[in-house]
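Using the sequences and the hints, build the whole thing.
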Amino acid sequence: MTAVRTKLSSATMTGNMAFGAVLFLAFLSALSVASPCVAQMAKQDVYYAKEIWTGDKVIQDGMMYVVDGQVIRVGSRGEFNVVPTAKIHDMSGKVIIPGLVAAQTNLGGSQNENETLTPQIQAIDGFDFFADQSKLLKAGITSAQISPGSQRLMPGSGAVVQLAGDVIDRIVSEKDSLRIVLTSASRQPPRIYEPAVGPVSEDRPLETTRPQVASLPASLAVLRQIFKQAKAGDSTDDLIVAVQKSLAAGAPVRVSATTTAEIRGAIGLAKEFGFKLILENCVGLEPFVSQFDKWDSVVAGVVLVAPSPGKITNPSVDAIRQQVNPWKYARQLLDAGIPVAIRASSDTDLPQTVFSAGQFMQGGLTAQETLAAITSTPAKLSNADAQVGMLSEKRRADFVVLSDSPFRLGAQVMETYVSGESVYKVEEARDTIVVRADKVYVGDGKFIEGNVVVKGTTVRGVGDQVSAPAGAQVRDFGDAVIVPGFVDMGAGLGFGGPISGSASLATKLSEQLFMDDPAIKYARQQGITTALLRVNGGAATPVAAFKLGDDVRVIGDPVAIRFKFGDAPASAIASNDRLLKSGKAYTDSWIKYKKDLAEYEVKKAAADKKKAAAKPAAKPTDKKTDSKDVKKDEKAKEKAKTPEKKTPVKKPVPKEGDKDEVKEKKKKPLPDPITGTWDGEIDQERVPAQFRKVKMELALTKDEVTGTFTFFTRTIEIGGGSFNRETKELQFSITRGENEVPIKGKLDDKGTFEGTIELGPLGESPIVATRTVDKSEKPADDEEEEDGDKPEKDKPVDKEKEKEKPGDKDEKKDKPADKDKEDKKDAKKESVKKDDKKAEAKKDDKKESEKPKTEELKPPKKPRENKALEPYKALFAGEIPAIVETNNLYSLKAAAELFSKKYKLRTIMVGARDLAREPEALKEFDNLSMIAGPAFSVTIDKNPPTNMPQLFATEQFPFGFQSNGTTGAGQLPSAIQFAISSGLSSIDALNGLTQNPANMLSKKMNFGRIASGKDADLVVLSGPPFEFSTKVLAVMIDGKWVYEREEQK
Amino acid sequence: MLQRFSFSISFVAVCLVACSISVAQKPLAITNATIVTGTGETIEKGTVLFRDGKIQAVGADVKVPVAARVIDGTDHYVIPGMVESHSSAGLSQSNETNQNVPYVTVIDGIDPMNPYFRDARRNGVTTVRISPGNSTMIGGQAAVIKTGGQFIDEMVVDGVAGIKISMRPVSGSRMAHLAKLRKALSDAKDKLEDEEKAKDKKDKDAKADDAKKGDKNKVASPKAKSELDKAMNALLTGKNSAIIYCEKAMDVGQALRLIKDFDLKASLVVGRDCHKAVKQIAASKLPVILDPTLVYWEEDPRTREERKIILPEIYSEAGVKFVFQIGRAGSSTVGNNYMWYQAATAMKYGMTEKEAIASVTSLPAKFLNVDKFVGTIEAGKDADVVLLSGAPLKLNTWVEKTIIGGEVVYNKEDDVQLRRLLTGEEEDTK
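Taken in sequence, the protein lines are chains A and B.
Per numbering that gives the first Met the number 0, residue 0 is the first one in the first sequence, and the count goes up by one each step.
Per numbering that gives the first Met the number 0, residue 0 is the first one in the second sequence, and the count goes up by one each step.
Where hints are given, some of them may not hold.
What the hints assert, rightly or not - DSS-like, lysine-lysine: derived pairs with alpha carbons at most 30 Å apart:
#1 Lys278(B) to Lys244(A)
#2 Lys580(A) to Lys922(A)
#3 Lys86(A) to Lys278(B)
Unchecked claim - To spell it out: a stretch of chain B is covered by chain A in this simulated footprint if at least three of its residues, at any positions, have a beta carbon under 8 Å from a beta carbon of chain A; those stretches are:
#4 177-190
#5 266-279
#6 315-327
These are calculated hints, taken from the structure and not from any lab test.
Cβ atoms here follow ideal geometry from the backbone N, Cα and C, with glycine treated the same way.
Here it is as structure tokens:
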């Protein structure tokens, strides 16, 4: 054996090494003291968390006080006071655990010396403090034991370092324990060769043959010899001295021993020479199970290897039969009082340490025991537990912030701290919000437990197990209930008060929305997220839907057409039938046109092909005419717009007055730069472009100006108008809502008006307008005069003519265009005199639609686009429903007969009061649904009051609710509460506020439910919906919080 | 042979230099040149006069003896000969195979006919410290020499110019390399301590009868010491300094630890990666020799983000004193194989022109402790200057003449190789 020893040529350094290390550290600390940064104030931090796992206990709602990277105290929140200057880190809802300590790594690099016994080698010498450890830090590993090597019998001693922080302070334990590798890896070590036999010279004698330790008995024999000599203590051999020193330090010896024989050998050595063991990589523990109790005196700890996570290993059948899972022994060892540490199967698996260790819970380890196996126990085995591995006094503030308790699947590392400094932080997924509550209403009467994950404007998932990015924001509402945002199926919200004037189907309600209507804010505080807009008006009016978010979002305009079905059935049927008829005719004409156009295009393409083959030169001319036609069409369309828009709307009375004034004015010879039609624009960026256009119809009498002002598509009578002919100053005002809006300015030399308009919150905005049609009195030979002389009744037509005039001049040659106009006039007259000529209307429409047929190989004539009739297309296509307002029993039936049966429309009844009289009156009709409200309780004659929603529910009508309110829209949920108290089920009520409206309107509606892909409209309630004690805690519309109750913030 | 250098080598060296030029030499003068003296003074239309291998006078109105050979320096610049701090070129072999050889000296391995010296003269380098290569553990002794001369004995300025220690393992792991290095040093330290103890004891009881002790003293007496022990003693007692090569940033900490543990007088040769440890280097206040590649792109292994690393900037910001070495990329392209290019690079990244010129002349001279002889143009210093065709550190400036010890050792006109390179002229085949 002496031969063996002498061959180990490299000798160890002795006392100087440890001494040197101390000096080095002293030198470094001296450096840091000298550096100016020490003069700064101590860095003080307080961390609050849902749970703090200190290593020996779990503190709920805990706090941790850290000064200069050292833990000072840990306790429950408020248990102790800290200096007020300490920086507070609120990790509420998150969990703090100690930074993980990797029980064994090869971060020091591989050590492949030419000798197999190198106890003098220190792993710390091979550790690169500048290497990038971000992967491990991201996994929550803050310290690591560095192994000196794994392919030599006695590769050296290990060390423990922190994986981040100032290079100077990162060594936790410079020399932890001597390592011995008894596994097969040390028996066929790479890079140890027999030297080649070569020429021998005097000065370089051939080195002696190196030992081949090729078997376990040989390994053990060598080790026994070394330990024997070390114990004897009289050797001066460096190797022996190094071993001696390691043993004298009292540190246990780390022995890597996998098989039963290896473990037995290790234990034998330890017993024989009286040192303690840390057993690593043990597998063949089965025979020792009964001896675990007696291991206490020999084994300081066991490092078990976790199976590689997520790997299919195909174990041997024997292994399966024996169920040799490391966790089995983990439990038994712990029960026997032997500390167990868990290590990842390789350095590659280190980032999965938490998962790897979590597997051990299968063996019955508690979460705390499992956590200890990757934090405090490895620290203890490396004698580093006074510094790392636990969160208690005087230890380095190495900790990990988790999204949930450790080992719960889905618990993610949110942040990692080393010595009180954040060294890793998960990237925040700003656009993803996880809303947590006790229950979530997903619709159809179902409540489920769990979270709602919102990404962007939509819901990404609902339930207990939903994937979300690690950095998602989490809002935890505890015991709250999440329901979909409520829908008010009829409200006057967003108009800033009751809407004045009336609307036709051509009116775009969405264009009249006030962004800053305070009623919106109030309504959404009560959970209303979507509202259907309705206005009073003619027999058929549009209904628009919009979201009540900070940026008002229109979902559909129109989403339905609202019909008034009067209480006198006969006239109601007649008028509504007429409306529907014309609508249907219009729709059909377009359907036909589209069909014809398609046919024409096919034919034309064929003809073009022929032509192209015959006469390529003919093509350009064809094209020309084509484009002209298109232009013509467009122009005609434009012209058609204005008069038609106005016709269905009842002319405001003052208009008549205007004309009188116009007439009067005629007699005055003074130049009149005012009277006429003006087009202008408001120069205000915050007003959407389409709303900036204004139109004025002005008339000048002496210096008084009267007329109308049209903007935001509403026509308002002007008041207090005056024009100073000298200074050319024009001023007037309009009434908008309750406010007086002054408009004033000057005319320039060319007659262009430049002035300002007061736009409420938007402030004074510039406005510019020019007169497009001069209606001022002119010499008798003027063309205009004729028109002016026409009778008042024909005024609409006249106006139209006036406007057409320039067009006429331009396109005199375009006969089809003229014709078009004729048609238009006809149509106009008809629509004006609709009431009188109802029978003819249909004929005319037919005529119109038949016309294109007669032309061959000419493009089919495009039907005039009539904005007032446009919504009917969607109605008859079934895309939007008809909302029919009716009360009377006969009217109810008649309306159902007409809308549902005759025209096969999806019909929503509003009111339906008399259903209380005869609940089954509408039984025979399909496609019917109901809107209840604003009064839910109806009393007919002397009968007891009927709870209408309850009636709808029992009669199995789908139904929604309407408030019919403006500022009162927000009271809808509490009104429904009353309906519930009188017998409506709360689920029916909830459905009526959420999913039913969407179903009733259209399949395209994306609100009303909490499901993947639906709009993220959430109402967070403090308890079950409609309970008295339940409050709205928060409201989200389209993924944005629009309301949060004060105490929630 | 080795013994020659073990006693007061610098003295010998001075003698050698002095001897080599003591042969009767005509005075030499460069007139009408712009002289950048390196002392902070630039003399327009100045004259520098050499005599007996030394600078006799420098100034605007220096009288030129009739006997002197005169070089007209009109429109030309004169700068001090450049000094290179670290090179293992010019050796027949850069390293001994054995890794623990503190006793070998480069002087025994320098080949004055090595093309390196010709290139050095062509590029205006007149003084260089040759040291063993980086692939070693304790690799031997370095020497400061002149680049002009036929025989090494004529060239040596300082034969005790440091012992090369490398932190990079030649083979095997860093931890094993360090363990060996520490062992070698601590063995030597133990021996030294024993020796001192014995010496003390000997002094105390000078006439001890114990034969055994007497024997021991004999063994430990200086004369009987092995070359290895002597070399290691010089290192540990600070008589010779350590030139420690750090390849990676992680080596810096270990090197500093060794320096502290064994109380070494040291300078660092830092590899590229070491800039990461610049804080530690700055704290140690040790002078460093930078990697030849001063500017390069470094890729973050994780993010793949590329970052431009400018070594002179990093080190000067940290307050580290540094000098340059040059690469060995061949002499045909402009790059870090020229000292002036290194200085120009540093200037590009913020050094003043004066500092840049100093960084290749007076600063390395001071660094190598030979500033008494070289590095500036001052009366009394060695007659080592470079005559440039234009302003220094400019790309289109050529070295016209290199003068070492008052002799013109390089003349561009006679540089056949350069001419061939530049003109493509065929070799004369007669």
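Each hint tested on the structure:
no., hint, result
1, Lys278(B) to Lys244(A), "violated, 35 Å"
2, Lys580(A) to Lys922(A), "holds, 25 Å"
3, Lys86(A) to Lys278(B), "holds, 28 Å"
4, 177-190, "holds (count 7)"
5, 266-279, "holds (count 5)"
6, 315-327, "violated (count 0)"
Of the numbered hints listed earlier, those contradicted by the structure are 1, 6.
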